[in-house]
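Asker: The listed protein sequences derive, respectively, from chains Z and B.
Mapping the first sequence onto our numbering, position 326 (from 1) lands on 339, and the numbers just tick up by one.
Mapping the second sequence onto our numbering, position 135 (from 1) lands on 139, and the numbers just tick up by one.
Take these hints with a grain of salt, some might be off.
To be verified - Looking from chain B toward chain Z, a few residues come up when the C-beta cut is under 7 Å (computed):
1. T145
2. K148
3. G271
What the hints assert, rightly or not - Residues of chain B placed beyond 10 Å of chain Z at every Cβ, according to the derived structure:
4. R143
5. A155
6. R195
7. R278
Source of the hints: derived by calculation from the structure; they are not laboratory data.
Note that the structure is a prediction, hence the values are computed from the model and not measured.
Heads up, the beta-carbon is just placed ideally off N, CA and C, and yes, glycines get one too.
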Amino acid sequence: MSTLTEGPPAPVPVRDRRVIKSRPTTSDRTFVAAARSAAVSTLVIMGLIGVFLAIGAWPAIKQQGFSFVTESQWLPEAGTFGISSLLWGTILVGLFALIVAVPVSFGAALFISEYAPRSIKKALVTIVDLMAAVPAVIYAIWALFFLQERLLSVAQWLSVHLSGLLPFLSVEVPDSPSSYTSSAFIAGVAVGFVVMPTMTSVMREVFSQAPTGEREGAIALGATRWGMIRSVVIPFGRAGIIGGIMLGLGRALGETIVVFAIISPMFEFTTHPLESGTNTIAAHIAIRYSESSGVALSGLLGAGLILFLFTLVINTFAGVVVSRSRSGAATEI
Amino acid sequence: MTTDTASDETRVDLDIDATTTIPQLTAGAPATLVAREVSAWFGNHQVLDNVDLTMAAGQVTALIGPSGCGKSTFLRILNRMHELVPGASLAGEILLDGQDIYDLDRRPIESRRRIGMVFQKANPFPTMSVHDNVLAGLRLTGRKTPGKNGAAELVERSLRSAGLWEEVKARLGTPGSSLSGGQQQRLCIARALAVRPDVLLMDEPCSALDPTSTRRVEETIRSIAGEVTVVIVTHNMQQAQRVSDNCAFFLAAEGQPGYIVEQGPTGELFENPRDERTSDYVNGRFG
C-alpha cells in the first residue's frame, strides 16, 4: 500500500548538515599526484623559459629602454639596436603564409572530411599528418632549390600587372628577377607550405566531428551536400577553423630555417613585400646567435622574449576561441 | 485501402495556389507511397527481404516490430537516406505517386524535398534561432522565403501545426538548442512541415520524450494527417494504436533479414490479428 503525505510539511528547525567527503584510495592519490605534477611542470617550464629570457634580455632592454621596441636597425656595436623592423618582417611573413595556407587548408580539410571517397580518405589523412611531421629543414631545402625560382615569375607578374592598382606591390627594378629573390613574399609562401598540413589537420578533425544528426537533418530537408556543409559543418567547425589558423600563424611566426634559407637580412621597414630583403625575429636570432656576445646576445634574447610573448598571446587566444565553441568543448547535442 | 487516384487532382489546385499567394503550410496533396519488393543490405548483410507496403495518401501508417527487424532501415529507404550509409544497397522500388524515387534520372534531393523526415533524436540546428530553424528547409533547397510577412506567417503556421507556437512565440529569436527536448522535436516537425512535403517520415519521434511531450507530438501527428501522408516507426504499441490508421508488423529471426508479417488497418491488426506472432507482439508477449 502506498503512503500519502498529509498537508504541506511543517517548517523544520535548523539542522546540522552532514559532512560529505570521500576518502580517495591510495592508487587514486598516487595517480592524481603524478598527473598533477606533470601538469604543473609544463606550466613551470613555460614560466621559467619566460623568466630566463627576461633575465637574459634585461641588460639590452636597460641600455636601450623603449627604443628597443621602436628602433629598426641592429647595430649593437654602435649602441643602437631594436626589433621593430624584425617584428614587422615577422608579421609580413606570417601574413603571406596565412594568405597561401588558409584557403588551401580549408579546401583540403573539407574535401577530406566531406567529399573524399572512403577508399582514399584514410590515405589522405595519413599523408597530411605525415606532411605535418616532415622537419622544417626539408621544406627549407625544397623552398630554396625548387619553390624560390618558380615564385620569381609569380612575384614579377604581380608586380608588373598589379602595382598600378596596389602600389605596395611595386619594386625598384621590376624587370630584373633578382629584385624578387629573397622577399617577404617568397619566404611567406614557403612558410605557408610548412604550416598547411597542421592547419588542414586541425580543420579536418573538427569538420569530421559535426554531428550526424544535424547532417542528416539538413539532408533530409532536401539540402545538397554543399548546402549541408554550409549550414551544419562550417558553423559547427567555425572555432576549429579559427583555432587552426591561429595555430598555423603561431608556427609561421616562429618558423626559422625556411625563412633563413630564403631571405637576405635587411633592417628596414619594407613596405614592398615583393622586393628582396626582409628579416624575422626567429631568422635573425638564428643568423646572429653564434657571432653575438655581451649586450648583443642580450638583445637577441630580448628579441626572443618578444616573439615568445607574441606567440603565447596568439596561441592563448586560439585556445580560448576553440574551447568556448561547441566543437572544441565536445558538447553532445 | 485508399488509392492514389484522388491526389493528382488536388495537387494541381494547390500548385496554382502556391504560385499566386503565400504558400500553404503543406501542399495539401498527400501522396501515396508504395514500396515494391524492397530488400536492403549493409555490405553483404541483408536486413530487409521483399517488403511490399502501400502507405496510403493522407493516412498515418505505423511500422511496428521488435528492435533490429529493419523498420528504421525501411523508413530511411523511403526518402533515400539509406544510401548515406557506406556500403548500403537495395533492391525493389519506391513509388511516390507512381514514380520510382530511385529512378536514375531523379536526384535524391528532389525526392527528399517531397518526403520529409523527423528523427529519433531531435536535431534542430543549434546555432540557428527557432525562427530560422523553421525556414531552414526553404533556404537549404534554394527556394525563396516568401517575403518578410510571408516568412512570419509561414513560421507561425508551421509552428502552430507542430503544436509549438504558443510556447515559443515570445522567443522566436532564441537558439533552437535552448528549447526543451520535446519542444526541439516539435520544432523539427515544424521545420519538416514548412517545406510542404507530401509525405512525412517519423523515426520513433517520441522515444526520447516525456509523456506530456509525447502526447503533444501525437496530437500533432493526428492534426497533420490528411494534409500529409505520415509513416511512423514506433516501439510503443499504445502509440501505434492512438495515431495510426494502418499498421505493418515487421519481424526478423536472429541473423535473418526482416520482413512484414502482417499489415492492415490498425484496429484489425490489434484486435483481430491473423498471425499468432502479431498477436503475441501487440499483446506484449515478446519484443
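Asker: Are the hints correct? Go through all of them and say.
Answerer: Against the structure, the hints:
1. T145: T145(B) check passes; min Cβ-Cβ to chain Z is 5 Å, inside 7 Å.
2. K148: violated, 15 Å
3. G271: violated, 31 Å
4. R143: At about 8 Å from chain Z, R143(B) fails to clear the 10 Å cut-off, so the statement is violated.
5. A155: holds, 16 Å
6. R195: At roughly 7 Å from the nearest Cβ of chain Z, R195(B) sits no farther out than 10 Å, so the non-interface label is violated.
7. R278: holds, 35 Å
The structure fails hints 2, 3, 4, 6 (numbered hints given earlier, in ascending order).
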